[in-house]
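Engineer: Please construct the entire structure, taking both the sequences and the accompanying hints into account.
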Amino acid sequence: MGKTRKYLLKNEAVVTSILAVILGFIMVAILLISSGRNPIEAFGYFMGGAFGTLYNFADTMSRVIPLLIAATAFIIGAKSSVFNVGIEGQLLLGAYASAVVGFAFDLPPIIHLPLMLLAGTLAGGLYALIPAWLKVYRKVNEILSTIMLNYPAFFFNHFMVLNITKAEGVIPGTPFIKDTAKFINIFPGTRLHAGIIVTALVVVGAYYLLNKTSLGYEMRAVGLNKEAARFHGIPVERRMMLAFFLSGCLGGLAGAVEVAGVHYRYLDQFSPGYGYDSITVAMVGLLNPFGAVFSAILFGALKTGILDMAVYSQIPRQLVTLINGIMVVFVSAKSLIRDKFLKVVKGTAPVVVEEDRA
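For the sequence shown, the working numbering begins at 1 and goes up steadily by one.
As a list, the in silico DSS-like pairs of lysine-lysine whose alpha-carbon atoms are at most 27 Å apart:
| id | residue 1 | residue 2 |
| --- | --- | --- |
| 1 | Lys226 | Lys139 |
| 2 | Lys178 | Lys166 |
| 3 | Lys226 | Lys212 |
Cβ pair distances, simulated, as ranges:
| id | residue 1 | residue 2 | range |
| --- | --- | --- | --- |
| 4 | Leu126 | Ile234 | 21 to 31 Å |
| 5 | Ile171 | Ile143 | 26 to 36 Å |
| 6 | Glu237 | Gln269 | 31 to 41 Å |
| 7 | Leu126 | Gln269 | 17 to 27 Å |
Hints were generated in silico from the structure; no laboratory data involved. Owing to the predicted nature of the structure, the values given are computational and were not obtained by experimental measurement. Cβ atoms here follow ideal geometry from the backbone N, Cα and C, with glycine treated the same way.
Structural biologist: Structure representation (structure tokens):
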């Protein structure tokens, strides 16, 4: 029993994340029972809608792609004590910039697609430098500035697609990008595209940067203690600016990948909140790029599986929204769950976790 307690305490972050998800599903089950529905049957439809067929699996994974890239964007910033809540705006600007490059140029595929992704990446990164400068040199709280800067990005894109780059159609949007700027579909007839390879490279690259390089060490040192980092000769302001820029770049890349792989144009209001959801994905993933993979899959499944659950279990739309909210609330309340978990595991006597000595 002592070894079990010690193991749970040493891995409390992972355990509390799993507990949050389990408690969320339990609360949803109680809600379904209270409304006269079979939770086991409903969850079966949920799993089927998310992973039951090749098309459903591909649809879920296509939603994981922008979530995971955007979550990695938040992680890179958070590790340097920079909380970029403006990923949604950076994603939208990146999507628009990439769409313009995608339809405006005639280039070979080997140049066109990378150039399109680069345009989206730089658009997001350059836009992130605005709140970065405000935080580093004017001490403006980045949470407030990045939230507010989501709106100029949204309205700028809205103006552009209505007045400058408007194409025919019911939904305002740009013209379609050229075939040379599109990702290939991994499974023909589905939404899963080669952008998943870019996503894997982003996750591995972010992990390597943060944990295997001196630059990543300096960024993490700034996040842990700015004054101590400055005392040891680390250029704190430059590292924070870099973290903000890289975070914005990945936010823009998430939008560019969506354009190149799913919509093939910029559609006004195309994002269902990927930038906002990515913050929760990153937190549930313990601010670890590899941990975010699992939480992104969970949130991707929520966006697809819950539709089948609603249709086949005859759940009203309002109840579907409530179920989605319940899951988000529980996975966001990890700190509270963690405190309760530690109280239960420790009991009344404090437990000191130490490494076993030979």
